[in-house]
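So the protein sequences, as listed, match chains A and B. According to this note's numbering, the residues represented by the first sequence are 1 to 138, in order. According to this note's numbering, the residues represented by the second sequence are 1001 to 1288, in order.
Calculated Cβ distances over 12 angstroms to all of chain A for the following chain B residues:
#1 G1078
#2 P1224
#3 R1251
Interface residues of chain A toward chain B, partial, derived using beta-carbon atoms under 8 angstroms:
#4 T28
#5 I29
#6 L34
#7 S43
#8 V45
#9 E48
#10 V57
#11 V71
I should point out that these hints are in silico values taken from the structure, not numbers from a laboratory. These numbers were taken from a predicted model, which means no experiment stands behind them. Idealized CB from N, CA, C, for every residue including glycine.
This is what each chain is made of:
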Amino acid sequence: MTIVQPSAGGAAGRPSSSGGGLADVIDTILDKGLVIDAYVSVSLVGIELLTINARVVVASVDTYLRFAQAVNRLDLSEQQKGLPEVMQDMTQGVAKGKTKGVAQGALEAAGDKLREFAAGEEDEEPVPRRRRRSREEY
Amino acid sequence: MTGSTRASAPAGRAGGKSGAKTAGRRVQTRRAGAPDRSATPAAQATACYVYGVLPGDVEVTPEGSGVAGGEIRLVRHGELAALVSELRLSRPLGRPDDLIAHQRLLDDVAAEVPVLPMRFGAVLDGTESVARELLAPHHDEFRAALDDLEGRAQFVVKARYREDAVLREVLAEHPEAARLREQIRGLPEDASWDARIRLGEIINQAIEAKRDADTRALAEGLAPHAVAVVIREPTHEEDAAHLAILVDDERRQEFEEALEDFGRDWAERITLRLIGPQAPYDFVVTGR
Chain A
1 MTIVQPSAGG AAGRPSSSGG GLADVIDTIL DKGLVIDAYV SVSLVGIELL
51 TINARVVVAS VDTYLRFAQA VNRLDLSEQQ KGLPEVMQDM TQGVAKGKTK
101 GVAQGALEAA GDKLREFAAG EEDEEPVPRR RRRSREEY
Chain B
1001 MTGSTRASAP AGRAGGKSGA KTAGRRVQTR RAGAPDRSAT PAAQATACYV
1051 YGVLPGDVEV TPEGSGVAGG EIRLVRHGEL AALVSELRLS RPLGRPDDLI
1101 AHQRLLDDVA AEVPVLPMRF GAVLDGTESV ARELLAPHHD EFRAALDDLE
1151 GRAQFVVKAR YREDAVLREV LAEHPEAARL REQIRGLPED ASWDARIRLG
1201 EIINQAIEAK RDADTRALAE GLAPHAVAVV IREPTHEEDA AHLAILVDDE
1251 RRQEFEEALE DFGRDWAERI TLRLIGPQAP YDFVVTGR
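Next up, chain B with everything else stripped away, as it sits in the complex (with noise of 0.2 angstroms):
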């Protein structure tokens, strides 16, 4: 799952949001990793499987195929278009497969243009609905949001502790969760297991202490070089960080630096991890 392949599309950006209104920008899907399963009967129902909302002067190149081998088309109106591909009512979302299908596809587009990504399972009933009902009714509203992210993507930055080094911060300060290591020592489980809790409550509520100081230092070291800033809830015990960050792409060198001075900083305590470009999943914000 590298990122660096990004599809190659024709035409470049164009520069700034008045350019956005020339037509002629293409945008290239690669094939996503969900098998063809085009090729059955026509008599099945059939549905329309909506990704992102994009600017109308977009072309996309029908090579790549989205949710369950769906195949990738625009529905204009006015000045957006509509990401979409037919889909089969019978067969159940969610497999692994639709949801790499269904954020690769947003991620390669977001590389070319401005989007504002669905939630993974948005289906109408067919593509008239989703010019009439979707576009429509907030045309003007999605136009701005768009032109918001132009020339933005999303990156998210998780952090995980260091297991052995994490552990050694919280002994060190927190002497009863010391003297409870002692206690176990050598003991069974079932022999120590009052002390066991406590021993793991009280690292557990340092770890969240921690994690609360290092998230703010994080995003407060970040935050001069973004957009903005989504703190996120953590995904695992250990995570040190988890946060989503807005930034525009010519500061992006400079957010990284600022990311590896954090890195080189935390090399001992603890690892990062930079995933983006991406759609700005965490930017969009439903209203209503």
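Chain A with its partners taken away, still in its complex shape (with noise of 0.2 angstroms):
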């Protein structure tokens, strides 16, 4: 889990080489690599192959109105604010002052791991995505 930015200082942090999360993993060993059934015709043994949900991106109605609600919260210099708004935008402030720098990898790394535990619960469902057929057929 790597963050490529200037510090402060203006530096570019290095990139040091690691691993991913289940996320990545998933997003790679799916559908990338080869497809044994492609040199395999007779000793291929069906199993049973737990559903694991891929991430797609698919544009929805819920990503529109999402964005909308992110738009519609942004803080515009140039927008004249009620007090409300003042106050939020000092939480807001509060909270990006601690994600700056390194930090933010961490908490982002902290999001991944908690939508890999998500997955993780999802994947633990016994629900047979494709059961392929043995062809032992000698």
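Combine both chains into one complex, guided by the hints.
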């Protein structure tokens, strides 16, 4: 988990190499790599694969509403502010101050972890996505 | 999940392709996270889980465990070896531990020797079938692919827009979005539904266009320092780019410096993540 971005001093953070979280694993090993079915026909063994939801971006009404809400909350400097907005901005300011630089990487990593756990629970559901029939024919 | 504690194989990488023929490279596998379930009755039907194909001159130190806790071993044929572990058939595959064990093992191995990774879930009825049906009929093809991958590793770069920054860009570039934003201001969602949908749609389209442009810029900027670049599908609506990149080991620093340049230029609007080195998942292609 590496963030490449300048620190306050302006020097770019060095990307160190790392493995990713479960979400990155799913992006990588579920639809990449050699497909054994293409090479082997006789001794392939059918095994129950659990449902694994790869992340696919599909624009939906929910996406649009979320964007609209995000842009609605956006603090544009020319905006005239009532008191509640000012207070909201202050709390946001504090949060932003905390998440600068390296800490932001940690927070984002933590975010990934949370998604992992959510995905994990889903993955534990014993719902077969597909069941390849055994093709042992001899 | 750090990559810094790479297994320290006793023998280093053989230099160059000819070195691949010299025996004695050892790959030490780290213990995978999957709990050891091997202490189950031997009466249960088992099969052979296949991770990938390696050069035949490789040794595996049998201390790691693979998917579902199976012991890692090699099945050899000619100048190839398949990395496999035993698997109970009664146990469904695909838990987080299984997925992580699969990738971790392949990435550890790839740090030492070239490997052709299989897609998750490749299972044959036994080691004999692995040699007879997988390795033997495709020996030369796999051997050539491994030679191509010698001294190269895959990296994944994920770029994500900083939400506030990209929304500001969109508002500045799309007057209708700015107008709609004013229109919904202070109104509850159900009183401004149509305007919100339209606004969100404009933003989404604008970000898609930015993603296309930024993905192209990043891919073109990194390509001179890479063997090959694959553009992956986005995994989030605020993704700016998602690339898999094959890099020569000796050009890794130059590649990372090129990426850092993007990180600097984009610091205000995009967060970059570099994942790897890992096995070349995106650069092995099933021909038939």
